[in-house]
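Q: Residue-level listing of the chains:
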Amino acid sequence: MADDDTDAGTLDERTENAALSEALAAEHAAIWGYGVVGAALDPTAQAAAVASEVAHRDVRDQVVTLLAERGTEPVGAEGGYTLPFPVLSPIDAAALAVTLEDGVSAAWVRVLDQSVERSTRELAVGVLTATEGRAVSWRTAAGQSPTTSAFPGLPAT
Amino acid sequence: MTSPSPSSPRGFSRRTLLAASAASLAFLATGCTSSSADEREQVTSEQADELGAQVAVQEAVVSAFVAAGAADPALAAEVADLAAQADEQLTRLRAAAPDSSSSSSAPAGSAPAAPETRAWLRGQVATAAASHATACVDQSGARAALLGSIAAGLAGQDGRLA
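Those sequence lines, one after another, are chains A and B. Note that the numbering used here has the first sequence beginning at 1, numbered continuously upward. Note that the numbering used here has the second sequence beginning at 158, numbered continuously upward.
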């Protein structure tokens, strides 16, 4: 079996970079989405959206640098994204933030699943932990229950 | 606002992006193995030992919820969902550990009486989250994904207990 036979599940730098590229795409989407979130929140709640967006911008920059150092072209942001549901109220905005954070979590769990470098797993688990921390706050703001997740980023059984 | 829209709403349906690795992740979710997952998920004896140690860490978290509930019944009711999630995490960890029966349970000890119970429980949860996160880095594939996810889940619980 060839080392690059990903159908057989072999992990290598290619699988890791592919997962990082997907995570980068998720970060781009989250950054875009927080613009929508912030616009629909009450002014008193916008600081949380700004902080979340800044956090995702920081991660985006880290991943862009990492991929560029490896000679992999970083995926860019899309021109626009389709909202999963109308965002017409602060509750909708918080629910969108939950969707964004859950999407990012799934992408970073995939990085953990596909990585070969210890340093990449360190990055991934750190991002995943911070992402779930924000998700808990947004689930609370959205009135969702439970506010915590046993397995952030993993598919439901 | 959404023009030009990509063919699929990237970022908003990230779970679908896990489809490619669903076999390995589902393997952890169910505790079952497939031939391809077996091949990729061969675990070294050191990794197996470390995973077994994380089972003990999670057992301590579950014990901590029991102890906290006994010390502060009002807190027990408030965090019943968190305790249930800790149980779910333990079940999946045991299923993923090659020989989880060899892990020794690490009791959390007795919890202090209210109002210190919450802070004590939070400390137990945070310690376990940090332990799983550290262990995750030395694992690979689906085991790393599971430990990382559980670490994040417990960190989220820590935030709610704050």
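Since the hints were derived computationally from the structure, they do not count as laboratory data. Cβ atoms here follow ideal geometry from the backbone N, Cα and C, with glycine treated the same way. Be aware that one or more of the hints could be misleading.
[Stated by the list, open to error] Covered by chain A, according to a simulated footprint, are these stretches of chain B (three or more residues, beta-carbon under 8 Å):
1. 209 to 219
2. 306 to 318
[Unchecked claim] Have a look at the derived ranges for each label pair, beta carbon to beta carbon:
3. A/A68 / B/A231: 49 to 55 Å
4. B/A271 / A/G143: 26 to 32 Å
5. A/P43 / B/A252: 45 to 51 Å
Q: Hint by hint, say whether it matches the structure.
A: The hints, checked one at a time:
no.	hint	verdict
1	209 to 219	violated (count 0)
2	306 to 318	holds (count 10)
3	A/A68 / B/A231: 49 to 55 Å	53 Å, holds
4	B/A271 / A/G143: 26 to 32 Å	28 Å, holds
5	A/P43 / B/A252: 45 to 51 Å	47 Å, holds
Going down the numbered hints, you'll see the structure goes against just number 1.
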